[in-house]
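Construct all of the structure, not just a fragment, from the sequences and the given hints.
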Amino acid sequence: DAKTTQPTSMDCAEGRAANLPCNHSTISGNEYVYWYRQIHSQGPQYIIHGLKNNETNEMASLIITEDRKSSTLILPHATLRDTAVYYCIVRLHLSGNTGKLIFGQGTTLQVKP
Amino acid sequence: EPEVTQTPSHQVTQMGQEVILRCVPISNHLYFYWYRQILGQKVEFLVSFYNNEISEKSEIFDDQFSVERPDGSNFTLKIRSTKLEDSAMYFCASRDRPYSNQPQHFGDGTRLSIL
Numbered sequence: 001d002a003k004t005t006q007p008t009s010m011d012c013a014e015g016r017a018a019n020l021p022c023n024h025s026t027i028s029g030n031e032y033v034y035w036y037r038q039i040h041s042q043g044p045q046y047i048i049h050g051l052k053n054n055e056t057n058e059m060a061s062l063i064i065t066e067d068r069k070s071s072t073l074i075l076p077h078a079t080l081r082d083t084a085v086y087y088c089i090v091r092l093h094l095s096g097n098t099g100k101l102i103f104g105q106g107t108t109l110q111v112k113p
Numbered sequence: 001e002p003e004v005t006q007t008p009s010h011q012v013t014q015m016g017q018e019v020i021l022r023c024v025p026i027s028n029h030l031y032f033y034w035y036r037q038i039l040g041q042k043v044e045f046l047v048s049f050y051n052n053e054i055s056e057k058s059e060i061f062d063d064q065f066s067v068e069r070p071d072g073s074n075f076t077l078k079i080r081s082t083k084l085e086d087s088a089m090y091f092c093a094s095r096d097r098p099y100s101n102q103p104q105h106f107g108d109g110t111r112l113s114i115l
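So the protein sequences, as listed, match chains A and B. For the first sequence, our numbering begins at 1 and goes up steadily by one. For the second sequence, our numbering begins at 1 and goes up steadily by one.
Worth flagging that the hints you see were computed from the coordinates, not collected in a lab. Please note: incorrect hints may appear among the correct ones.
Unchecked claim - For lysine-lysine, the following DSBU-like pairs were computed, each having C-alpha atoms within a straight-line distance of at most 30 Å: (1) Lys57/B / Lys78/B; (2) Lys42/B / Lys57/B; (3) Lys69/A / Lys78/B; (4) Lys69/A / Lys83/B; (5) Lys69/A / Lys52/A; (6) Lys112/A / Lys83/B; (7) Lys42/B / Lys83/B; (8) Lys42/B / Lys69/A; (9) Lys52/A / Lys78/B; (10) Lys42/B / Lys78/B; (11) Lys112/A / Lys78/B; (12) Lys83/B / Lys57/B; (13) Lys69/A / Lys3/A.
Just so you know, these numbers come straight off a predicted model, no measurement behind them.
Structure (structure tokens):
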């Protein structure tokens with residue numbers, strides 16, 4: 001699975017959009033980009049995923065560059081409850097692949113009042 | 001919304017004792033996982049399980065560890081003889097089926113403390 005690079009930490013003002021970048025320059029054509037977050041020591045919470053098109057759901061938007069080498073997770077109106085560690089993970093979908101997730105250190109997002 | 005549930009939320013055990021961590025995956029899911037997170041460290045993959053057998057395991061998952069799906073709903077992780085270094089959060093996850101791009105969903109974990 002391709003490796004990802006994320007900034008260690010970011011701050012965001014409450015009510016503003018939080019834009020979390022992720023670099024995955026070695027991504028292959030069969031690999032999806034997944035975003036999870038972890039609040040305190042709770043279990044990782046799924047946010048969104050995509051292959052090459054931009055995606056949006058009730059939690060966030062995912063923007064993937066045309067060359068797929070990077071992506072940005074957007075939380076449109078961050079709240080204090082969005083303070084968490086955000087993980088960008090690339091995962092294969094080939095026959096025989098178990099789909100395990102390889103977590104990095106992620107980005108610690110601090111939403112400030 | 002369906003969710004993965006784990007019990008107990010906190011388990012305290014003496015070193016050398018056996019411990020069983022329990023998970024109820026999402027009901028129509030077929031692929032199951034265990035991960036662990038030592039305090040202050042990354043979430044680490046332990047094992048994946050499909051069709052009543054282990055499909056992949058990490059180097060961490062040695063002979064002291066075993067997994068089982070004893071019935072149609074539970075998925076368990078057993079540590080035979082616990083060590084101090086087994087103290088960690090243990091997370092169970094599940095997803096619908098192989099070769100699917102659908103995400104894994106995680107439980108809120110069991111905090112295992114070895115004394």
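Violated hints, by number in ascending order, as checked against the structure
Hint check: 3, 4, 6, 9, 11 fail, others pass.
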